[in-house]
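Engineer: Make the complex out of the two chains shown on their own, each in a separate frame, by following the hints.
Each protein sequence line maps, in turn, to chains Z and X.
Residue numbering for the first sequence follows the numbering used here, beginning at 178 and increasing consecutively.
Residue numbering for the second sequence follows the numbering used here, beginning at 57 and increasing consecutively.
If you are wondering where the hints come from, they were derived from the structure by calculation, not from laboratory data.
The structure presented is a predicted model; accordingly, all values stated were derived computationally and were not measured.
Please note that the accuracy of each hint is not assured.
The calculated label-pair distances, taken between Cβ atoms and stated as ranges, are [said to hold, decoys possible]:
(1) Z:F235 with X:D367: 27 to 33 Å
(2) Z:G216 with X:G228: 47 to 53 Å
(3) X:G370 with Z:D352: 46 to 52 Å
(4) Z:A217 with X:P363: 44 to 50 Å
(5) Z:G216 with X:D367: 24 to 30 Å
(6) X:P129 with Z:P330: 18 to 24 Å
(7) Z:L348 with X:E328: 47 to 53 Å
(8) Z:A341 with X:D367: 35 to 41 Å
(9) Z:S213 with X:D125: 31 to 37 Å
(10) Z:D352 with X:H111: 37 to 43 Å
(11) X:K246 with Z:E323: 38 to 44 Å
Heads up, the beta-carbon is just placed ideally off N, CA and C, and yes, glycines get one too.
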Amino acid sequence: MQPYTKHNSIAALMNRSNVDTDQIIPKQFLKKVERSGFGAHLFHDWRFNADGGDNPEFELNKAVFKDAKILVVGDNFGCGSSREHAPWAIADYGFNTIISTSYADIFYNNCFKNGILPIIAAQHQLDALMEEITGNEGVSFEIDLEQQTITTPGGNGFSFELDAFRKENLLAGLDDIGLTLKHEDKISQYEEMHKQNFPWLWT
Amino acid sequence: MKRTMYEKIWDAHLVVDEEGKAPLIYVDRHLMHEVTSPQAFEGLRISGLKVRNPHSILATMDHCVPTKDRDLPIADPIAKKQIETMADNCHENGLNLYDMKNPNNGIIHVVVPEHGFVHPGMVVVCGDSHTATHGAFGALAFGIGTSEVEHVMATQTLPQKKSKTLLVKINGKLSKFATAKDIALAITGKIGTAGGTGYVIEYAGEAISDLSMEGRMTLCNMAIEAGARAGLIAPDQKTYDFLNGLEFAPKGDAWEQAMAYWQSLPSDEGAEFDAVVELNGEEIAPQVTWGTSPEQVAAVNSVVPDPNSFDDDGKKLACSSALEYMDLQPNTKITDITIDLVFIGSCTNGRIEDLRAAAEVAKGTQVADGVTAIAVPGSYHVKEQAEQEGLDKILTEAGWEWREPGCSMCLAMNGDELSPGQRSASTSNRNFEGRQGKGGRTHLVSPAMAAAAAAAGHFVDIREL
Ligand code: SF4
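This is chain X alone, in the form it adopts within the complex (with noise of 0.2 Å):
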């Protein structure tokens, strides 16, 4: 039988399956941060229960920490009680801890990789729906709920259903502005917050072989934004190169051993998908996200649509409620919206590539009155390595803000918010109302647009600078 990628990976970690009941997969890698999982840790020790396999947990303090003067104790009383929770729950049970003095502290998803602590053909999971970033190895992994934390914790297994599979094909090359996060931002567009519900994605076609693992991450990242469970891209040379010589990757013989599985874990010629939907790479133009869900998006070169030029009635509801949000009016050039900051950062686009791509276009510009625009690399290891290239000081000389690292701005749970009525021009992954302060206003977009829209103070298309 033919098979997908995915359903390799679901028939190798089969543990139990009966008729009638869920079939239980196992999990070989578990992420964690302070936010999902003190709650899961107090359930372990009512129950009596260990931690039953502590080397294959990894983790990190990301969503709370400051960006700023982090050698001053954490100002809010709670998130340093959370802080403080994450170090103590970690020490009893003897896990891995990146804690927040750690060199290799960064956010979990940037971090993960940066070791090689995922392989292809895993299943990873971590109470965090941006789990989906490890598919770009081949990995199966998803986001799950703090009981399913426990669950793991205890068991090393998760009751799962199985899902639905959809090819995602991106034919042809990109156009050379477009990016990893256009191309998940146009894929969100086109089938919905809720069109991958259900499913698990595969990205496959020319311009996903093309992309470097870093955009890989970004695309995999965003698949929940789809409403995917998970999203997947074959391993290649890339990822195999990449993996070869990072701490927690196999040596010697066993990356013989290791590279035997990993290769044949691409999905065999002709398995059949229960769903495709293929975009040209060529027509997917730099993206703006104009309303609160991230499939409410555009293409640079275009305008906010009036809410009347939408068919279904919900969609018509979401776009006036959108607009009146985001105080846009319908038939705005999008290159007509002002912004007063600028995030780059997050899980999604917090990685060396991505700072490079903003301090190409921020080279010799000023960021424009009146905009505050902050960088906040995704882990210590990203800042470090920017700094040896100098895009620290590009960044700072055309005006930027410099921080340390963490989720930051993605979420603002650390104090680095939006005010009531501010817009950003952010490269998270999520707009919706609040998400970056309450009131705030967030537009979604690649490094290289924020950067330009940086130095210019409104959003510009920049296939023209």
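Next up, chain Z with everything else stripped away, as it sits in the complex (with noise of 0.2 Å):
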């Protein structure tokens, strides 16, 4: 995973609540055993017509969007399924950053575990921010995890909250798995009181 550092990217606005899963990354294209390629397909039923062409209408196929890398969110992001293609389908599209006022459990813990920042903002930060966005297509904002802060030219900036744990794993670009079997001894003797206190689940 790479590490996430300081930067200054361009904001597009999806004003959507409770977008689930579903619509995040459509089921037919689950079928893949690879991890990588989502991207092709993040929002696919909203950003594509029915002949295969662009949908206009739909917010992140304005051009000013293009290279947007924050995502900027109604309530209840990514709720439904627990289908981690959707973080990778997000992640493939170019977004690093979403920001919204809440998040469904298990899509949170997996924008963790592909250098996605989740940032949970008061509603009042939120409507300024899609307000800051509407006003000015294509306005960039500076996100600084190390100071958990975002700036932006409006002056519609604010720190946000996170545990410190995820902000120092999204810092090194750790992967859970080697940090996790670094206690390797204590699952191991975990283990050992499990079998002898429930020894019916080890036959």
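Structural biologist: As structure tokens, this is what we get:
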């Protein structure tokens, strides 16, 4: 995983709530056995017309949002299925930051495994960012994970909360399995105890 | 200290708890299907790691499998590759797989309980959000992403943040025609799809103790639809009777030892929950969703809401866009909504009790003109049992199609799907846009409500039949 570094990038706006993972990556694309290439299908059913051409009505098809790395969206983003194909598609498309008021649990966890920073904003903070983008499409925001801050030209920046361990892993691009395996002795100890207490689970 | 059931299970599974880090918890059971696992096996291979405890895993094929003509090769080459990859991965790692041809095959969350693979007090994960189903046994069961699937295979643990606890109490008895499905939908309607975010729900109250194990599975299955990490129900005699004698259940002395542990699990009297929601069992009517989120739900004897009836701007907007997608007018009576297709099945309502409920209503009726009705058992064992009871006959005589088991139209990955504009009455769990096929319109209901709609061609209040 790439370490997450400070950046100044275009913020794209999708003013929709309860965007579910079936919309982020429709199920017809879940049959692949690889991890890559899902960006081409991100928001497929909204993004493309029946003939396969771009749907000009869809927010992210606006030319100004083409190089956006930040996605600003409504409440409860990523609800529905546990498919990690959703953050894979988001990251593969080019986003590394999402800003919303809330996320579904599994989706939120999945983001961190894929170098995506899901920032939680208060409603008024999100509203202000949305307004700023609407009034100035193509505007760039600065995201500083180290300092946990967003800075915007319109002065709508704020600092955000994040668990310390999640921040560290994102900054270092660390992989969880490696970190966990450092506790091998504790896991083995636990398993010994588990075998004694619950022998029927081991037969 | 008085503890909730969730806290007891959590405490018993803590492996590492360091200041400033996510606690590491131990995983007892790991369930798998073909869609969310291939990239995890690939990751394991690349890093040269092995599956730590192959016995903790049970795998099936369910999402992409055809429900007709199982003997023919799978037509979709990408689905075929996914199925083959699953078989190779399980074989290579020595995992227990119920493949498409195995008599134990079926939807993962239907198959696992049939064999007693999950017990009270366990921590259970699966790369699938409806893993919450197994909370019916008093196990902490939740969905994880593919990176976490890989993590659990390699380490048998998972870094987890402790959830808050939400007690959902259903007081009194359910009214005669309300089912576990209606409880699940009514709760989602009340607290919203994000209402349970950050929580593990424990369901309690008379109406919950009265539910069969099948009903409890239906209810816990949909905990995720209310945004919760998991749903839990305290184990009781029904739980023990269900497990006793099953393949993976403890036997002899081990059974006694297990029982002693299981009986210690229910929340202590007076244990504190972070939040409490109460509903009256009697007030829960049969439910029908009218929108594109499970929280957009109404009692069958009511009407489709007017967007202006919501105070919240977001809800107003969500309502009007849902009505546009669903092609419904505000204030339409729910019972005036006509349907094109009826689907009974899924890990929510594809068990024997669900097929019995559907057959009871379908008996002696005919599927309405222009309506297609399909019944997809949750597993081969459910199918067999239903056939022994003659439920397949009742349904086929009423004009239903009787299929092979699988997820089928719950997520429409296997070719069973709605065409654009078609409207379904479905016993599955999600009515998202396009869930059952691009442009398809889904109304979630209980099996009896679905069967009644099949015969009438529109929704009916089964209390009036
Ligand atoms: S039946 Fe539906 S919800 Fe259940 S596992 Fe299959 S696709 Fe998921």
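Engineer: Of the hints given before, which are not true for this structure?
Structural biologist: Per hint list: 3, 4, 5, 6, 7 and 10 violated.
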